[in-house]
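Assemble the complex: chain A is given as a structure, and chain B must be docked to it using the hints.
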Amino acid sequence: EAQVTQNPRYLITVTGKKLTVTCSQNMNHEYMSWYRQDPGLGLRQIYYSMNVEVTDKGDVPEGYKVSRKEKRNFPLILESPSPNQTSLYFCASSVTGGLNTEAFFGQGTRLTVV
Amino acid sequence: GQQLNQSPQSMFIQEGEDVSMNCTSSSIFNTWLWYKQEPGEGPVLLIALYKAGELTSNGRLTAQFGITRKDSFLNISASIPSDVGIYFCAGLHTGGFKTIFGAGTRLFVKA
Numbered sequence: 051e052a053q054v055t056q057n058p059r060y061l062i063t064v065t066g067k068k069l070t071v072t073c074s075q076n077m078n079h080e081y082m083s084w085y086r087q088d089p090g091l092g093l094r095q096i097y098y099s100m101n102v103e104v105t106d107k108g109d110v111p112e113g114y115k116v117s118r119k120e121k122r123n124f125p126l127i128l129e130s131p132s133p134n135q136t137s138l139y140f141c142a143s144s145v146t147g148g149l150n151t152e153a154f155f156g157q158g159t160r161l162t163v164v
Numbered sequence: 319g320q321q322l323n324q325s326p327q328s329m330f331i332q333e334g335e336d337v338s339m340n341c342t343s344s345s346i347f348n349t350w351l352w353y354k355q356e357p358g359e360g361p362v363l364l365i366a367l368y369k370a371g372e373l374t375s376n377g378r379l380t381a382q383f384g385i386t387r388k389d390s391f392l393n394i395s396a397s398i399p400s401d402v403g404i405y406f407c408a409g410l411h412t413g414g415f416k417t418i419f420g421a422g423t424r425l426f427v428k429a
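Listed in order, the protein sequences are those of chains A and B.
For what it's worth, our numbering labels the leading residue of the first sequence as 51, then goes sequentially.
For what it's worth, our numbering labels the leading residue of the second sequence as 319, then goes sequentially.
One or more hints might be untrue.
Said to hold, decoys possible - Derived DSS-like pairs (lysine-lysine); straight-line CA-CA distance at most 27 angstroms:
| hint | chain 1 | residue 1 | chain 2 | residue 2 |
| --- | --- | --- | --- | --- |
| 1 | A | Lys119 | B | Lys416 |
| 2 | B | Lys416 | A | Lys115 |
| 3 | A | Lys107 | B | Lys428 |
| 4 | A | Lys121 | B | Lys388 |
| 5 | A | Lys107 | B | Lys388 |
| 6 | A | Lys121 | A | Lys107 |
What the hints assert, rightly or not - If you want the ones that stay clear, here's a sample from chain A, every Cβ over 12 angstroms from chain B, calculated:
| hint | residue |
| --- | --- |
| 7 | Thr70 |
| 8 | Glu120 |
| 9 | Ser144 |
Hints listed in this document are in silico derivations from the structure and should not be mistaken for laboratory results.
Here the structure is a predicted model, which is why all the values come from computation and not from measurement.
Ideal Cβ placement from N, Cα and C applies to all residues, glycine included.
For reference, chain A alone in the conformation it holds in the complex (with noise of 0.2 angstroms):
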């Protein structure tokens, strides 16, 4: 079955510890990416991976790091997490990220740093 899969869909954590947010797909996308979701403002895209070592930022990149070592894997890395990393994330592939759009999320993962 076709599908991305983050892990773990639930996380509390303390501030400054650092974290990882796993995200895998199964369809070799060339094209992956990482978005958070907050109340009120949509979905913000964070960084986003073109193909294996090319990565760039979204709009909200501040406090986060990512890496494209494997076509199938583009995890999402808080060094020191805070408060305000507190959202629902969401990675999402496709095939490319131009014209060929049909973009697969995965089912999230709910953060609470405290």
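Just chain B now, kept in the frame of chain A:
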């Protein structure tokens, strides 16, 4: 960062009614997308629009790419309870690697 203006924010309707929602932007997009998100799930693509003026249907859903390329609307006809969810518009510029989402329209359908 740039955002799309999506309206209305929420709608409470009776089963069987038609629904209309729209998105506007101050800048031009080359692609408009409409997604639906159900509770506990990620967004799912409903309709993609690639040309100004394009009108596309997917079952009871119809979406149009505005001729100015700065707006798009989504209509749902004869709503049913399973239409409940949050509907997002999204736009892509030339090159299409950055996706901008609207804030969403939360739809409630009363049986």
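Outcome of the hint check:
Between the alpha carbons of A:Lys119 and B:Lys416 the distance comes to roughly 21 angstroms, so the proposed pair stays at or under 27 angstroms and holds. For the proposed pair B:Lys416 and A:Lys115, the alpha carbon gap of about 17 angstroms is at most 27 angstroms, so the pair holds. Among the hinted pairs, A:Lys107 with B:Lys428 is inconsistent with the structure: their alpha-carbon atoms are about 41 angstroms apart, more than 27 angstroms. Pair hint A:Lys121 plus B:Lys388 does not hold up; C-alpha atoms about 34 angstroms apart against a cutoff of 27 angstroms.
Under the criterion of a C-alpha separation no larger than 27 angstroms, the hint pairing A:Lys107 with B:Lys388 is consistent with the structure, at around 24 angstroms. Restraint check for A:Lys121 and A:Lys107: the C-alpha separation of about 18 angstroms stays at or below 27 angstroms, so the hint holds. A:Thr70, annotated as away from the interface, keeps every beta carbon of chain B farther than 12 angstroms; the closest lies near 19 angstroms. The Cβ of A:Glu120 lies farther than 12 angstroms from every Cβ of chain B, with a closest approach of about 20 angstroms, so its non-interface assignment holds.
With a least CB separation of 9 angstroms from chain B, A:Ser144 falls inside the 12 angstroms interface cut-off, contrary to its annotation.
In this structure, the earlier hints numbered 3, 4 and 9 are contradicted, and the remaining ones agree with it.
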